[in-house]
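Residue numbers (the numbering used here), protein chains in the order written: chain A, 1 to 317; chain B, 318 to 902; chain C, 903 to 1211.
It is worth saying that the hints were derived from the structure and are not from the lab.
Treat the hints loosely; a few may be bogus.
[Said to hold, decoys possible] Derived CB-CB ranges, DEER-like: (1) A:LEU22 to C:ALA1104: 40 to 48 angstroms; (2) C:LYS967 to B:GLU740: 23 to 31 angstroms; (3) C:ALA979 to A:LYS158: 37 to 45 angstroms; (4) B:GLU740 to A:LEU22: 46 to 54 angstroms; (5) A:LYS158 to B:ASP858: 51 to 59 angstroms; (6) A:ARG50 to B:ILE441: 33 to 41 angstroms; (7) B:SER736 to C:LYS967: 18 to 26 angstroms; (8) C:LEU1075 to B:ASP611: 27 to 35 angstroms.
We put the beta carbon where it would ideally sit given N, CA and C, even for glycine.
Single-letter residue listing:
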Amino acid sequence: MSTYLTRRLTYMLLILFAASLLIFLLYALTPGDFVTSNIKLTAARKAELRELYGLNKPVLERYGIWIKNAFHGDFGFSLAQQKPVLTLFHDYIWNSFLLAATSTFFTWVFAVIIGVISAYKQYSWFDTLVMVFIFAAMSIPSFFIGLFLIKIFAVDLKWLPPGGMLTTGSNAVGMAYVREVLRHMTLPVAVMTLLGIGSLTRYFRSNMIDVIKQDFIRTARAKGMTERTVLYRHALRNALLPAITLVGFELPGLFGGSLIIEKIFNWPGIGQLYMQSFSVRDYPLLMGFTMLIAVLTVIGTLLSDILYHVADPRVKL
Amino acid sequence: MVHSACAHISAIDRFIGVRQSQRLGGKHKPGRIGELGQHRGLRQRCAFGQCGSRRRSAANGLIQAADLSKLPETAKKRTDTVIVGLTDPSGAFTPYFTQSGYDGNVNSLLFTPLVTVDNKGVPIPALAEKWEISPDQLTYTFHLRKNAKFSDSTPVTADDVAFTWTILHDKAYDGDTDFSLVKVKGGQAYKDGKATSVEGIKIIDPETISVTLEQVNATALLYLGGEVLPKAYYGKDYKQGNLDTLKSLVTKPLGNGPYKLEKFIPGQEVRFVANENYYAGKPKIEHFIYKTTDGDTWQFIETGEQDFGGFSATQDNIDKLKKLGFLNIQPYIANNYGYIQFNHEHDALKDKRVRQALTYGLDRKTIYVDSNQGAAQVANIPASPVSWSYTEDGINPYNYDPVKAKALLDEAGWKVGASGIREKDGKKLTLHFIGSKKKTTDVLIAVAKENYAAIGVDFQPEQFADFNAQIAKYDSGDFDLVAFSTSLLTDPADGVVDFVNGNVNGYDNPKVKELYNKAIATTDIEQRKAIYKELYQVINDDLPYLFTSYNKSVYGYNGRIAGIEVNPSRGIAVSLPNWTLDPVK
Amino acid sequence: MSTIPATGRTEADRRSSARKRPSLWRQSLRRLMKNKLAVSGLVFLAFMFLICFLGPLFSPYADNKINTTIMNHAPYAKHWLGTDLLGRDVLTRLLQAGRISLTVGITSMLLSVFIGSLLGAIAGYYRGVVDQVILRFADLLLTVPNLPILFIFGALLSEWKVPTEYRMYMVMLMLSFVGWPGLARLIRGQMLSLREREFMQAATVLGLRDRRKLVHHLLPNLFPLIIVVATLNIGGAILSESVLSFFGLGVMPPTPTWGNMIDAANTIIDFEKHPWLWIPPGVSIFLTVIAINIFGDGLRDVLDPKQKK
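Okay, chain A solo, but in the shape it has when bound (with noise of 0.2 angstroms):
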């Protein structure tokens, strides 16, 4: 295990070296740069500002100048927002973290539970209706479901806040602070929610439907265990623990952000901020940040890896 553990680490480590390089070409390259779109500035200001910037230096001289700070800790400062790009992450990503964990939460919760019930009691009415609502979650853009939740439970039922994470000038602290970002999460979980669930669910169903018609199944009915035994020990099992590995895919989407949500909802979150970034390419904080995602991407992989094995020791590392 260690062994593959240190041969593992090392791949990582080249991966983010090389992907670093691979993303901040394409970051370079991408048409405009941070000073183009600002239209006030004469063409010569916009060549000294070029300088002091130093984006007028060659693409790989720049990534030896970031990569370098980069190793120190120093990710650089936002050329947008004058401030250094791990203070501005620490501001927005626990935000998204919060929406992100409690939705995968509710979202594994939930598929496994549907997934498994509408399993056995493949073809009944039941299971038709969650293949349906599985299939609309699936097909309807998020804004769409997004804009319907708050025009209905918001702004015409009153019973949920229309968005933010507080209520615009509230001061509340404590206990009282807690139940306000509840109240505002509310909403916005459950959009994330109900668009994660439709393929989770899917794959648990498939799992299990797949698991029950196995013969240790039978065998195990035929021996004449209860269902209820049959069910949780040994079916359940057997279709959950190849969706573990999924587990570890979900750690970059924790902390990646969602667009389409913050937006809507108005939560500050870094979803928005990595998009405003790149609408004005601000170098810094899109590599930083995209930095950020790809380790925790190499550090999912590695755990789903080790999660399969756990999960199916025939697997060999």
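Assemble the complex: chain A is given as a structure, and chains B and C must be docked to it using the hints.
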């Protein structure tokens, strides 16, 4: 989500007369933001001209709220706070050092400039009590008010003004304000490091400061009359060439505007509290909040979490605002204009007749007005109806006339070929259009394709992923037509400067240049008006641009608030200290 | 007791050759036909294709001419689904849009599924160096953000003066090339456990060649997963075209797609006041996704060797 260089709109208010000041020049301060944002990252807002007359409306088009009792509870409960929407303040809350137009909105509340402009764009005193311009128009002397103080109650002195002007010449200054255009004497030397101070700046006494320019420039007044930064706070460790300490204070501003910064919640709100040291007296409303919201969002206004929002003046929007009942509705038109730029290096477009044909041949009314439910007005000159230089005298409206367009093209030698596309000397009349991804561009492309095909022009559109990518393509010169809007114009010269400084590829008209220079060589508004009339007539005939539209918008705001006026160039900052929140009856 | 006949082939051999390709497929087809739900899905899809590709030929509004007198008109006799903001017939545009959305959705899904399954299967089966290379490459692609790639590709297409009608297809192609890692990993995962099963050990013992093992034994067991993922992706693929439109990399106006028709109504006003603008494309995507998934489910049930129905 896609940004464009559209600029922002503010209210027209004909009640505010033009206040005459001693020597006038209209000058624009670059980067002035109207409400809800400007240039980078700004979505266009539309203005509202003719309101439906179902409601009693004031001369400026204001429609009073019909039924204040419909005001949502959340809004009723507020007694000392006003909440206005703003698209995305980023936190850089010191003037001259922001990169985003929205931060400029925040700064306009935190800092007061020496000279501001009234609703027509005429300069009026703000922090400076008065100013004089020398007979040779090279020296400006500003007299500060005696009671001008920063929010920490230290007085605003000439030292602070000198400090502000000086750092704007610093080599390390990377902000938007380009002081090199003002040509202050000794400014370039300071920038190059050859001098340790700017020669042209002279402090006469703590309340008086003068500055000398190298060249007469009617636009200089508003540059020089910008916001003042406190030297003691921002200039603490300032050394020539090093702005780092200053930059670290950008997010912790110390200003002299009507409000002080109370708290900034990134991505959510910017909270302000009234500044008791404001020179014109403490503002009547104690708390002010800029709430981060996206442009056309309704849910916050509908539920009462927002008091003031701007919307496109489509009939649907106006109906919806009226239905809510508790909002005052104020129409306005932006001080900017939309246009399609010709690439005058393209052979066909060099010919004035072709440009005129293309203008006659495009149904601008359908594109900008009808399909937009009335939220715009067709434009024919480079000035907005709210500007003092606007005129329709002798201006050809270029009403949609495909017959005339065809005649002009025939006259110019472009004859219809076998494929239905016009040809001349073996070349086809193909026009390559680049645009960004916006709803209005979509409509423009759809209609233009049809219109131009009908007159034998092959219209080839291309859309770009975002504004930045579009500009990159534009910079490369590989286009024939491109659609843009100008940023907010303060002085009429802003609207025509691109025709003389070479920014319009291949366009060079000596008559336009002559009139432009004439217009900025004097500071007398009546004289300039006449010159601009002539200039607009020349431009209207020569068509360096295909002028498209003036956007109309509406502001909807809580009927309890009185005293709101939105200045086309300065936004709400000018009238904000006088806003009052009437108690709920 | 079986005797060994003169030809050297045993009873078992004959039986296995009887189970060769044609008869398996024919059997599956017969079983598929019995599954009414799957058949209805297929029929609906066929219907969808037909009306989208042929329908506009019968419409008087197929030229998308702009008619400013009837903008945003609710459905009535002359326009069964109403008109959009430029007075164009929604029904005709819906069908025209279907052409593009269906083609694009299915092609890009097929492409990414093909690449993903192939690479995933190879990686999972051969392990060792091949596995590592493919995996690392997949990891690398996973970390690269899509947005700059889209923009750069768009700029390149503009530089190379590719006609705007073809750009969308190229971008979808490019997205499929970049989007396979996720699927590949799933397939690889499944392959990893499959190859350890007893029936694979038996195949090895029998001395079957790799190709036979892969194609005849492993692939059929992978089909269920592949089909599930493929059908799941269709909805996403159709919608991702609208994301591309959002970035100007999709079709040029006035060409409609289901995605950009829905997008045109993403303001609250359109949402509330002009439902005929977004309900038809939304319902079209929804029904198409359901049909494909139902059909896919039926297909999966039929092709799954473990099914004993």
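Structure-based check of each hint:
1. Our hint of 40 to 48 angstroms for A:LEU22 and C:ALA1104 holds, since their Cβ atoms are close to 44 angstroms apart.
2. Roughly 26 angstroms separates the CB atoms of C:LYS967 and B:GLU740, a value that falls within the hinted 23 to 31 angstroms.
3. The given range of 37 to 45 angstroms is respected by C:ALA979 and A:LYS158, whose C-beta atoms sit roughly 40 angstroms from each other.
4. Separated by about 47 angstroms at the C-beta atoms, B:GLU740 and A:LEU22 satisfy the suggested range of 46 to 54 angstroms.
5. In this structure, A:LYS158 and B:ASP858 meet the distance hint of 51 to 59 angstroms, their C-beta atoms being roughly 58 angstroms apart.
6. The beta-carbon spacing between A:ARG50 and B:ILE441, approximately 37 angstroms, falls within the hinted interval of 33 to 41 angstroms.
7. At about 20 angstroms, the beta-carbon gap between B:SER736 and C:LYS967 stays in the expected band of 18 to 26 angstroms.
8. For C:LEU1075 paired with B:ASP611, a C-beta distance near 33 angstroms keeps the hint of 27 to 35 angstroms intact.
Every hint from the earlier list agrees with this structure, and none is contradicted.
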